[in-house]
Amino acid sequence: MKILVCLKQVPHKDARLEIGSDGTWIKEDGIKFEINDYDNYALEEALRLKDAGEAEVVVATIGPDRVTQSLRTALGMGADRAIHVWDDSLANADSLGIAKVLAAVAKEENFDVVFCGLMSDDSNYAMVGPMLAQLLDIPHVTAVVKTDFENGAVKVEKELEGGTLEVSQVPLPCLLAVQTGINEVRYASLKGIMQAKKKPLDKKALSDIGLDGAAVAPKLSIEKIYTPPKGEGANLLSGSADEIATQMVGKIKELGLL
Amino acid sequence: MPFEALDFYRIDDDLASEERLVRDTVRAFVEKEFLPCVVEHVRQDGSFPFELVPKIAELGLFGANLQGYGCAGMNSVAYGLIMQELERGDSGLRSFASVQGGLVMFPIHTYGSEEQKERWLPALAQGKAIGCFGLTEPDFGSNPGGMLTRAVRDGDRWILNGTKRWITNGTISDVAVVWAQTENDIQGFLVKKDFDGFEARDMKGKFSLRGSITSELFLQDVAVPESNRLPNVSGLKGPLGCLNQARYGIAWGAVGAALACFDEALRYSKERIIFDRPLAGFQLAQQKLAWMATEITKAQLLVLRLGRLKDQGKLHHSMVSMAKMNNVDIALRIARMARDMLGANGIVDDYCAMRHMVNLETVRTYEGTHDIHTLILGRELTGLAAFEG
Ligand SMILES: Cc1cc2nc3c(=O)[nH]c(=O)nc-3n(C[C@H](O)[C@H](O)[C@H](O)COP(=O)(O)OP(=O)(O)OC[C@H]3O[C@@H](n4cnc5c(N)ncnc54)[C@H](O)[C@@H]3O)c2cc1C
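Protein chains in written order, with the working numbering: chain A, 1 to 258; chain B, 1 to 389.
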């Protein structure tokens, strides 16, 4: 089995973010980055298939030079090889542009399964997975919480609202966009990190995969990002703990919330 | 609250990507798996989270700088960064790895027979066997050459008698590397826990390094086969060679403890409002923070250079002495200062400063005391040994 895992590098969850000078994205200089959390679970799911038997796990990402660190991490965790695509024209790429690039990468080989995260921690679109599946003309399931591969198909559990689960049987090849927390993500072991140095990491330009800047030009552009202004109407209670509790209960009753 | 490691001089840029990766991996492990449980172990003196041993082993942290036998074969800087991150958690955690890797696996790897290496190294790397290092005795610490433990040859075995004290992990060890005086010189022996006449007992009542097991070893007519003697070293240079490895790790580890305390003090002082403004806004507090940051930066540069020298084979043991002496000293002072800046909060275990502070008192003493390293350096500089008389 051949598996593609699509990874995105996102700002570290502990990074202190500031809005950049043009107001359309954050300042990326001097902050730490890490693998998008959803993608960690996607990778772990793929690595478990590898552990269970014959599977080659290929990780692919799009991004500037800094993303090689994330690819090395993935290789250190056990992925077999990595593909890194970059072109300056991708700096403002939208979900469709990213999906097109990944589709071009995926079409170069025959993958049985494409794993990706449900969404990315930084931009929250949750679109790349389904778009990629459409471009590849393969079935997909999002919010995947469990996979069970058997005889050229996979039984997938998907999370619905309110704790309900949906089960479906999907033929391969297919794309699975996974939810967080569905497995215990391994650490890159020291031996893995040492081996990763020798694993192939292919750098590709758009032209290497038959695309150009025009083909991936964004149809969506960000006007601005901003922190919501402080709201009004907060009611600050003061007094001893007992007094505050009494006031609070009064307020809840007053608003008819009980 | 997420930990932020000071890197004022962008030393990160001088690390190879796999060195950073190793550091970040160990940092994440310590954050997620170790820090949530450290306090409960420190509250009971002499307790260690053993459930983490298989995970530490799986990561490859035991003997990470050794080649072959299931070891990761990392370079010295990556090894140092591992020690830094472990000690950022707790000196007890770093001690566990230092002893297992630097004081048990290293001598077997360097001085052992092929049979000994195959018997012990993979098991120790996988955490399936635990080891300890018995050099110090009740009456001989800084001058181990005076040791009273004796090994007497008896055909194809040796009879060992003596007491070792202050031995990290003694009671949980499967094998003890015991150094003993023979008729001619000091020799190292691999003493298995089930050998007749060998007993290990826990030492209690520690104020420091409580998250680590410290034991006493009693050897009474213990018969050790000749095949368990480390064949390729004799004299004090055996144990001192091991200590040099472990001290190298300590010099890095101390940076980790200092980083933890500095991070805590910086955060706390920015949030703590005193006389209507943040503590961090007062000149006296800034002086402390500026001093801490400067000393940490110097210490970071010292160990990075030391690591590169070690990998190039240009290391002299007195260089390690300088780094151990300096880095532990500043880490201890930083911990005390951080504790001070936290006020009363600084004395409870919700915060790490005092835990590091009391731990570092041990770190200052073991693996050659601060004074002894000063004297080693003095001897190196002057050619005159000031240890005796
Ligand atoms: C928690 C803990 C764990 C340990 N783990 C181990 C272990 O796993 N294995 C092991 O073998 N040992 C271990 N040790 C022992 C440690 O290495 C010794 O405590 C250390 O070498 C110091 O010896 P000592 O305690 O006998 O102090 P001493 O040698 O008695 O020193 C007392 C004081 O005298 C000073 N001093 C000594 N000589 C001179 C001199 N010539 N001039 C001036 N001042 C001098 C010292 O600097 C110190 O301040 C551990 C110790 C502790 C506390």
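No wet-lab data here; the hints were simulated from the structure. The structure presented is a predicted model; accordingly, all values stated were derived computationally and were not measured. It is possible that part of the hints are untrue.
[Said to hold, decoys possible] Keeping only pairs whose Cα atoms sit at most 25 angstroms apart, straight-line, the calculated DMTMM-like set for lysine to aspartate or glutamate is: (1) B:K55 - A:D80; (2) A:K158 - A:D88; (3) A:K13 - B:E380; (4) A:K32 - B:E361; (5) A:K13 - B:D139; (6) A:K27 - B:D14.
Now the hints, each set against the structure:
This hinted pair checks out: K55 (chain B) and D80 (chain A) have alpha carbons roughly 23 angstroms apart, not beyond 25 angstroms. Distance restraint check for K158 (chain A) and D88 (chain A): the Cα-Cα separation of roughly 36 angstroms exceeds the 25 angstroms cut-off, and the hinted pair is therefore not satisfied. The straight-line distance between the Cα atoms of K13 (chain A) and E380 (chain B) is roughly 48 angstroms, outside the 25 angstroms bound, and the hint therefore fails. As the CA atoms of K32 (chain A) and E361 (chain B) are separated by approximately 34 angstroms, the hinted pair breaks the 25 angstroms bound.
The suggested pairing of K13 (chain A) with D139 (chain B) is violated, with an alpha-carbon distance near 52 angstroms, which exceeds 25 angstroms. As the CA atoms of K27 (chain A) and D14 (chain B) are separated by approximately 23 angstroms, the hinted pair is consistent with the 25 angstroms bound.
The structure fails to meet hints 2, 3, 4, 5 from the earlier list, while all remaining hints are met.
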